[in-house]
Structure formats: C-alpha cells, structure tokens
Amino acid sequence: MSDDASARLYQALVNQDAAAAISVIEQVRGASSDTGTLFESLFAPAMSLLGGAWAAGTIDEYTFTQAAVVAEQIGSFVMPSSTAQDTGVTVLLGTMHRDHHSIDRNIIAAALKEAGHRVIDLGADVRPAEFLERLDETGARIVIVCAQMMATARSILRVREMFLTGGVDDAVILVSGGPFAADKTLARTVGANGVISGAESALKLVSRAARDLRKAGRIS
Amino acid sequence: MTGRSQQVALAEGLARQGHIQPAVEACYQALRIDDADPLVHCLLAHLMLEGDFYDEAIEAATRAIEIDPDCSPAYLALGLAYDRRGGMWDQSILVWHELAEVVPDLVTAHVQLGEAFSAAAFDEEAIDAWRKALELDPHKARAMYNLAIAALRKEGVATALPGFRKAGELDPSQDDFFFALAGIKDDGNPAPDPEDVEEDRESRLEAAGALAFEEDFFSAAEVIRWIFDEDHDDADALALSAYLYIKQEAINEAMACALRALSINKRTRTAIYCLGVTFSKRPGLNEHAARVFGALAKSSPDEPIPHVLHAEALLGLQKFSRAETAYQTAIRLDPACVRARFGLAAVFFTEGRHAEAMWEIRRAAYHDTRRQGLFWDLYDAYTEGSA
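Chains as they are written, first to last, in the numbering used here: chain W, 8 to 227; chain E, 28 to 414.
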C-alpha cells in the first residue's frame with residue numbers, strides 16, 4: 008500500500024471530512040486489502056502522521072481532537088470486527104434432566120457464540136426427548152450435554168438411545184462436567200464422542216467435529 | 028473499657044512492627060492481668076491471622092466480640108479467619124453483615140460479604156453487596172473484579188472482559204508500571220511548578236512525568252509542549268502525551284501519539300505500553316493488543332503487569348491456556364497481584380476448575396486486605412472511640 012493513501016487519509020482526518028476518509032479507505036479496499044491489513048497499512052500510518060503533525064504544531068489541539076473524532080467515526084471501516092464470522096455450524100447445548108448446574112454451560116455457550124457458531128442453548132434440566140426434538144428442528148449435528156452429578160452424567164446414555172430410536176445415528180455428542188473428568192471411561196459408557204473440559208476445549212472439539220461432519224457430508 | 032494498659036501497649040507496638048511471636052507473648056501476659064480486655068483478644072486474633080492460625084484467630088476474635096459487640100477490628104479478624112480457613116461461609120456471611128452494620132462505610136466489609144455470599148452460592152445477594160461497595164467507593168477495584176467474575180459465570184468471557192479491564196484501570200499498579208517504564212519515581216517531593224522548570228529537555232521531561240504522576244495533566248501537557256517546541260520528534264515526550272490522553276479517555280489521540288513515537292523509535296517501551304492500552308480499548312484489536320503486550324512482556328520479563336495485560340488480551344481472543352500461563356507468570360513475579368489472581372480465577376472458571384478459581388479469589392482477598400492494613404485503621408478508630 009502506498010504512503011500516498013495514508014497521507015490522503017491523514018489529510019481527510021485533518022479536514023474533518025469523514026466522507027473523503029471513507030473514500031480513501033474504499034479505494035484501497037478495492038485493491039484487495041482485508042480489514043486487518045487496512046488497519047495496519049493505512050489507518051495506523053495515517054494516525055502516526057496525525058500524531059506527528061500535532062507534536063510539530065502543524066495542527067492545533069482543536070484540529071487534533073476533531074480529527075480524532077473523525078477517526079472514531081471511520082473506525083469500523085478499518086478495524087477488524089469484534090465478532091467472529093458466522094461458521095454456519097449449529098451446536099445444541101443443554102444440561103441434563105434433573106441437573107440445574109449452569110455456570111459451565113453458560114461459559115461454553117458464550118465461547119462458542121463468540122467464535123461464530125450458532126448456539127442453541129436449551130438451558131438446564133433438559134429431557135432426552137427435547138434434545139431429539141430440537142435436533143430435528145434445527146438440523147444440528149453437534150450436541151453438547153452437560154452434567155455435574157454422577158447420576159445425571161450416567162443418564163446421558165438416554166440421549167444417545169433417544170437419538171438412535173429417532174433414527175439419528177450421525178449426531179456427535181460431546182459431554183462436559185466433573186464426573187467425566189473423574190472417570191475417564193464414563194464418556195464412552197454413555198455413548199459420547201468426546202469430553203469437553205472447558206471453553207477452549209469446547210472450541211477445539213466443536214471445530215474438529217464440524218470438520219469431520221463436513222468431510223462426511225453431514226453438514227454443509 | 029479502660030484505657031490501654033502498659034502490657035497491651037507493648038503487645039500493640041510489637042504487632043505493629045511485625046514481631047509476631049513476642050507480640051503474642053505480650054498478649055498472653057496482658058490477658059493474665061486482665062482477660063476481659065477486648066483489645067487484647069482482637070490483637071491476638073489479628074496476630075494469629077498473620078501467622079495463619081485460623082482456629083486460634085476465630086477463638087480470640089469471638090471472645091473479643093463476646094466482651095464488646097462493637098469491637099469492629101475483631102469482626103474484621105473473625106471474618107477474614109473464616110474466609111481464609113474456608114468452608115465456613117454461613118458464619119462468614121453473618122460476620123461481614125455485622126461488620127457492615129457496625130461500620131456502614133467500610134467498603135471492604137461489603138466486598139467480603141459479597142465474596143462470602145458468592146462462595147455460599149447466593150449469587151444475586153453477592154452482586155448486590157459488590158454494587159453497594161462500588162456505591163460507597165467507585166474506585167474499589169476488587170468489587171469490580173468480582174462483578175466481572177459474576178458476569179463471566181453468567182454470560183462468558185466477552186461480557187466479563189471489559190469489567191476486568193475497567194477494574195484494572197482502577198488498580199493503581201498499571202499506572203505505577205507506566206511510571207516505572209518512564210523512570211519516574213515518587214521521591215516524596217511535590218512536582219515542580221512548570222514556570223520553575225529548567226529549560227533543558229531532561230528537566231522538562233522529568234517535570235512533565237512528575238506532574239502526570241500527580242495527575243496534573245494540564246500542566247504536564249504544557250511542559251511537554253515546550254519539549255516539542257525544541258524537538259517535535261521526541262519519542263519519550265510523545266509517549267508521555269499518549270499516556271496523558273489515555274488518562275483523559277481520548278483513545279484516538281493517544282493512539283496517534285504512541286504510533287508517532289514508535290515510528291521515531293520503535294523501542295520506546297512507554298509508547299509500546301500506551302499503544303497496547305489503546306488497542307485493548309477496541310474489541311476488534313485484541314489480536315494487536317496481544318502482540319503488543321506480548322512484546323512488552325518479553326522486554327520487561329520481571330514485571331507482572333505486562334504479563335497481566337498480555338493475559339487479558341489473550342482472554343479476549345479465547346486463548347485460555349496461554350492466558351493461564353501469562354497469569355501464572357505474573358503471580359510468580361508478584362504473589363500479591365490481585366488483578367492476576369482474579370484473571371486466573373476467570374481462566375479456571377472457563378475450564379470448569381471452580382475450586383481452584385475460588386481459591387484464587389480467596390488469595391486475592393488475602394493479599395488485598397493485607398495490603399490495605401485495614402485492621403490497624405479499625406483498631407485505631409476503635410481505641411480512639413472507646414478511650
């Protein structure tokens with residue numbers, strides 16, 4: 008990217024001309040720059056010029072402040088979005104029937120949403136039949152079932168059985184909760200495909216499951 | 028209650044100097060003379076707490092309260108002993124509630140009450156207590172950290188992170204770090220009048236730093252302008268300007284100054300710090316903030332704050348295990364770093380490690396209350412009030 012574009016953006020900022028600033032950005036964007044690159048190669052050098060001009064006294068304090076206001080207005084054009092792009096992956100999430108623990112589920116749901124997944128949070132105390140109903144409704148193929156008590160963790164087997172009874176044999180069930188950390192064999196016993204041990208682990212396992220399901224043509 | 032006996036005064040003097048063992052012995056001597064003196068019992072409770080003898084602290088503080096139900100330092104010692112011992116949340120709630128009644132404007136009592144409520148799973152009551160603490164003192168960082176943790180448990184990291192950063196700004200350690208980078212030390216002398224500053228660059232920069240330290244941003248900016256009149260490419264002065272703008276919430280101006288400083292000298296660490304702070308104010312620039320603070324942490328490996336700032340940026344990127352490593356590094360460097368302890372607690376919550384998270388919050392409370400020296404404030408107020 009040319010220094011010229013940064014100089015023109017700087018001038019637009021100093022002139023308090025947001026339209027001209029956006030026009031410079033759009034011209035540069037047309038030359039195939041993504042937003043992250045735009046920030047580093049266009050916006051940051053222009054801001055550096057602005058700081059230099061203020062220090063040198065080329066522009067006064069008022070102009071500096073007004074230019075900063077325009078920089079704020081055009082920020083969304085040059086700064087990467089704070090939310091991730093939609094991955095197109097739908098994840099069904101809920102805490103097992105008779106279990107009311109919610110903290111881990113809330114954190115996992117928020118992390119997956121933040122990463123761009125479409126999360127359907129069924130809440131706490133979810134019956135196996137409800138998992139199946141919502142699976143059918145949404146077409147989701149990744150289900151996360153949380154359980155914090157041994158009895159409710161064991162009963163996750165009923166979710167797998169319900170899916171099989173309903174003719175769904177390609178759903179990925181991921182489980183989360185203390186009992187699965189305490190007993191490493193429990194997940195397999197209840198028919199789970201993987202154990203989530205926290206938000207980061209949820210992000211990794213869901214991405215892996217989505218990749219495998221895509222490869223198998225189960226999701227688009 | 029009668030005035031302090033000679034033996035109590037001796038115990039108190041030793042305790043204030045941190046001579047725990049002789050102070051405990053003096054307390055026992057004083058109790059042999061008068062075992063109904065609440066001052067001695069609460070002093071003993073405090074000493075036992077300092078030595079991590081929680082059961083003994085509970086016993087002594089309880090006795091002090093039995094003798095005088097208005098003995099506020101004894102409530103503090105009792106509440107802290109319950110909290111540090113763990114597993115006594117019901118009693119802890121009662122004690123903090125009582126202390127908040129006895130000393131209604133004691134902010135820490137409300138913060139501790141909230142933490143006791145939270146540990147006992149009364150989440151809404153906990154939030155109310157922390158809000159009350161912030162009403163009393165809007166700069167109470169620990170109340171804000173706790174609210175951020177509460178937001179994390181309900182709505183995840185993205186909602187909690189601004190709270191962590193806001194709390195971090197209330198925490199003076201971040202400003203202290205900037206001034207350490209800038210080589211500005213509090214020598215106890217007031218900052219000079221701008222008109223009295225020598226007309227050389229070093230004197231002006233030092234004076235501007237001192238004025239910024241005293242939060243006289245207008246005068247600091249005036250002195251910096253004189254530096255620019257001589258040389259407008261002074262990277263250190265630009266970085267200090269960036270800091271002044273950050274303090275006034277003028278983030279774009281700060282970013283412009285920091286970027287300019289780094290274009291002149293890319294090793295200006297104060298500018299790197301300021302740039303990182305401006306990036307961290309923009310959620311879309313978390314990755315940039317992580318890069319900048321990562322570099323700062325590498326260049327200041329023995330300082331905890333850059334590791335904390337790096338960890339917070341990593342939290343924003345949902346890189347929790349890397350954030351944990353950065354927080355652990357900060358805690359290794361400064362075990363009393365409350366901000367790092369709360370951050371680490373947040374990471375533990377994301378991993379379902381609730382017990383470890385609660386432990387970190389308790390350690391944060393431990394260090395925060397020790398740092399405040401609250402016991403002596405209450406003790407002095409109590410002795411003055413009852414003399």
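These aren't lab readings, by the way, just hints derived from the structure by calculation.
Keep in mind that this is a model prediction, so the values were computed, not measured.
Wrong hints could be hidden among the right ones.
Pairs of lysine-lysine residues, derived as DSS-like cross-links and limited to a Cα-Cα distance of at most 27 Å, are as follows [claimed, not checked]:
no., chain 1, residue 1, chain 2, residue 2
1, E, Lys212, E, Lys193
2, E, Lys181, W, Lys120
3, W, Lys211, W, Lys120
4, E, Lys274, E, Lys293
5, W, Lys120, E, Lys293
6, W, Lys211, E, Lys346
7, E, Lys346, W, Lys120
8, W, Lys191, E, Lys346
- Please write out, lowest number first, the hints stated earlier that are contradicted by the structure. 5
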